Amino acid sequence: MWDYLQHLSFWDWLAFGTLLLILEVFGAGGYLLWIGIAAAATGVLAFFAPALAWTWQFLAFGILALLTVAFWWRYQHRPGAGEAASGLNRRGSELVGRQFALHDAIIGGRGKIRVGDSLWLVSGPDLPAGAQVKVTGQDGAVLLVEPA
39 MWDYLQHLSF
49 WDWLAFGTLL
59 LILEVFGAGG
69 YLLWIGIAAA
79 ATGVLAFFAP
89 ALAWTWQFLA
99 FGILALLTVA
109 FWWRYQHRPG
119 AGEAASGLNR
129 RGSELVGRQF
139 ALHDAIIGGR
149 GKIRVGDSLW
159 LVSGPDLPAG
169 AQVKVTGQDG
179 AVLLVEPA
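Per my numbering, residue 39 is the first one in the sequence shown, and the count goes up by one each step.
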């Protein structure tokens, strides 16, 4: 075994990288992806420098693995990375401050506005259909409005 590890070819590194990438498909959560890429990059390095000693190959693999994992971690934790998904289930909060014409009159505190191709329930003072309203907030799936 020790003798085998001392005489790794670029094919061994590429096979190891491919194996890690295949295992990543089964749900490792991104961890094996970057180590697999580092192994494949080490294979490319071993292809262009076939006389590279096994110690340098392992050192290159270790450094590349650390660099790729650090890159991935930094990319995942950059400022604002989670902001796009933060409003995923609060689409109505994007409408606060905007003005719309009432689609259905507000009667008894309830009415509807059209936003794009959707109708939204609104709550506010009684107003006729077509009146301009401004969205001031959201209560669940109901938008809170006031006359514009």
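These aren't lab readings, by the way, just hints derived from the structure by calculation.
Just so we're clear, the structure is a prediction, and the values are computed from it rather than from any experiment.
Hints may contain errors.
Stated by the list, open to error - Beta-carbon label-pair distances, calculated as ranges:
#1 Phe96 / Val134: 55 to 65 Å
#2 Ser131 / Ala108: 28 to 38 Å
#3 Gln137 / Gly178: 53 to 63 Å
Built from N, CA and C at the ideal position, the CB exists for glycine as well.
A quick look at each hint next to the structure:
1. Remark: the range hint 55 to 65 Å for phenylalanine 96 to valine 134 is upheld by a beta-carbon distance near 56 Å.
2. Distance hint check: the CB atoms of serine 131 and alanine 108 are about 35 Å apart, consistent with the given range 28 to 38 Å.
3. At roughly 21 Å, the beta carbons of glutamine 137 and glycine 178 sit outside the given window of 53 to 63 Å.
The structure fails to meet hint 3 from the earlier list, while all remaining hints are met.
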